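With the hints as your guide, set chain R onto chain B.
Residue numbers (numbering that gives the first Met the number 0), protein chains in the order written: chain B, 0 to 435; chain R, 0 to 435.
Keep in mind the hints are simulated off the structure, nothing from the lab.
Remember, predicted model here, so these are calculated numbers, not experimental data.
Fair warning: there could be bad hints in the mix.
Identical chains share a label here; the pair holds if one copy fits it or two copies do between them.
Claimed, not checked - Below, simulated SDA-like cross-link-like pairs (lysine to any residue); rule was C-alpha separation at most 25 Å, straight line:
1) 368 x 1
2) 368 x 34
3) 368 x 155
4) 368 x 330
There are 2 protein chains.
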Amino acid sequence: MRAVDLIAAKRDGAEHDRAEIAFLLDGFLAGTVATEQMAAWCMAVVWRGLSDREIDDLCDVMVHSGDVVDLTPLGRPAVDKHSTGGVGDKVTIALTPLVAACGVPVAKMSGRGLGHTGGTLDKLESIPGYRIALEIPELVRVVGEVGCAVVAQTARLVPADAALYALRDVTATVLAPGLIATSVMAKKLAAGAQAMVLDVKVGNGAFCRTLDEARELARLMHGLGTRAGRRVVCEITRMDAPLGRAVGNALEVAEALDVLRGDGPPDLVEIVRTSAGRLLRLADPALDEAGAAARVADAIASGAALETARRWIAAQGGDARVVDDPWAVMERAPIVLPVPAPRAGTVHAVHALEIGLAAVHLGAGRSRKEDPVDHAVGIVLAARPGDAVAAGDPLAFIHARSDAGAAECARAVAAAYELADVPYSPPPIVVETIGA
Amino acid sequence: MRAVDLIAAKRDGAEHDRAEIAFLLDGFLAGTVATEQMAAWCMAVVWRGLSDREIDDLCDVMVHSGDVVDLTPLGRPAVDKHSTGGVGDKVTIALTPLVAACGVPVAKMSGRGLGHTGGTLDKLESIPGYRIALEIPELVRVVGEVGCAVVAQTARLVPADAALYALRDVTATVLAPGLIATSVMAKKLAAGAQAMVLDVKVGNGAFCRTLDEARELARLMHGLGTRAGRRVVCEITRMDAPLGRAVGNALEVAEALDVLRGDGPPDLVEIVRTSAGRLLRLADPALDEAGAAARVADAIASGAALETARRWIAAQGGDARVVDDPWAVMERAPIVLPVPAPRAGTVHAVHALEIGLAAVHLGAGRSRKEDPVDHAVGIVLAARPGDAVAAGDPLAFIHARSDAGAAECARAVAAAYELADVPYSPPPIVVETIGA
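Okay, chain B solo, but in the shape it has when bound (with noise of 0.2 Å):
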């Protein structure tokens, strides 16, 4: 077998068996396919995509590339959740203890943000202490005694996924649709979980931009995962606006945890519930949609959910406090400015993109991988789509390290946001569902 005879194959439309996507993907890892070569590859797969089967088999190829996390000592079936990404989206930080506070353990794996989208691992470095390196044996203790754990990925993971996507990355060849659904479900599969909620979203401020895209995507990750023997449910959700008000890391760590006190924006706590409902009736397929939320409802006002969140943070070495007084222990801006509304009128949109473009300039992500993080500055938004203003009144607040960059970001925030004179009624947040 010849890496350039099977380029040329999938340049001419043809399809692989197992044992040629094997021989390309192990012998990039290997050295002995060159790295021209899968690169003059991965434009064919661009340009011809690939089949149902090939994207099995490459997935499986991927999983099998390194280590398998094994929860059977769990005792349980584990549930798992994943988000294409957003702005503003922390639905795992207040997901993970509100499901694990029901029963149902949740062992996650987390990625660092880059570009416009935050990372839940940043995220969580916003509570002084809290460690994301925990050794596979040691992922497993801490769910086994807290009920969760919020990880990092560990190199010896899918180290084909973490190869393959520098490669795309330089050259232009992330966004072919078998190629993103083989990376995120050959992580999902190699974490172990036996069900999972799978969370596209489309939009401005996503990775998918038409529901067509989503749609696909979707498709592909879903139909991955209940080939390989796993429940997974997919949810489409709008990433039009931000999601809730925070964008940036401590500011959005405290509003997960709102979440859990039974406070926190509409959206937000309306995908948190949702997926929480969702990942119990995969975990339980006898519990109905009333009785899933009705434990749901009853981990928020109890206490439960909360109380997990301690334990769970404190078993992986951060200042539990946060729970329950975020800013006694997380760093704040210095700095916060309002963004005043030039005009009166409803809101309309508050462009994603912008905000998150905007929250990245002021340091709350990168543009490049090895950018530093600033914990403390972000954006919270006053006014969301839908919300009436008087001009003047404050559409959002920057939470920033200097005058002069509070003012840049302001504007900039300013020209994310659309007013006008007619009312506005925001549509749902989950567009579709598929496999429920």
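Frame of chain B, contents of chain R only:
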């Protein structure tokens, strides 16, 4: 400017401007555009193609990536020829001294063979002492003195082409018509000739398998040359059967020299005389077709072509006795095995690809760039398309190093012949001409 953005643009079907093409190609040579990025770009080009304007820019950037030959010291416009490569194609060896003998200088740079097609340099190295590596000033001096020279392309001429071709070779991106045309024409433009004949071969033994592919490549190369201010004629010629009778290095040299004696197989004679006439008329537009043909016939009949061949070969260090007594100076293979016809009939086909591969297997060519070439071995066709044979008549003769090699080659050669009971008249060798 970032390479990844340019790859994405080509992936999405956009047209590059000249600065973008120069950024990619110069960056690739300088190492600031990564090999894997160039590979992904090449596959995007196979997918999306290049516009005529992009091809002009790419070609010009390639020409100026290295030295350019200045032939103005010759005081007369020089001509050049190129063939896209075929089995038994020894046209350059006959055409070059023939045209020079008619008073038109030829400064020819040639390549080595790879795969089923042979290379002129390998053939000429069958002549003891012949030096292919002349620096540019020496090339110009030899052409000035004897009228012609055939040398290897120096590494300083179009270095971008060698680098890009090596990358395309391992990434299954050789076959983009725009890249093929640019690769050929950058070398022709850098080599300094004012006029040229380009022989685009079509058929089972050629790079272009269909007439449409050959027409497109001819159109692209003709356009590139004429827009760069050169006079260009493209001939599309058949490569279904080997050209002439001899396939193999020394065997082909001997056959090419036969043409200068007024002998040689009719298809080879037709191409050599037609191309010579075209080159004379490109060098002197006042010459009509009959006048050019008469000069070519005179050069052969008078012995001027043979004399030019002697002086040319001697000027490049070769043993000029080869012109008059080839087998006194070139090595012959020790074994000559006839391939008997399995039945009586008329030859309807001698598949060029199969003959070429059989010759490579015998040692006359290379499967890999680093393989050595055996100058003595080869195949001589006794029966050609249209010839009638009796059962047991020789179809061909195998010139081999070993009995086992000869027997194996004989089986492959027999399988390349198609015999049938009805008569057959092969089509004309020149199918179409562009730019005449």
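Do the hints match the structure? See the list:
{"no.": "1", "hint": "368 x 1", "in the structure": "between (34 Å within a copy, 16 Å between copies)"}
{"no.": "2", "hint": "368 x 34", "in the structure": "both (20 Å within a copy, 21 Å between copies)"}
{"no.": "3", "hint": "368 x 155", "in the structure": "within (20 Å within a copy, 39 Å between copies)"}
{"no.": "4", "hint": "368 x 330", "in the structure": "within (23 Å within a copy, 63 Å between copies)"}
When held up to the earlier numbered hints, the structure conflicts with none and fits them all.
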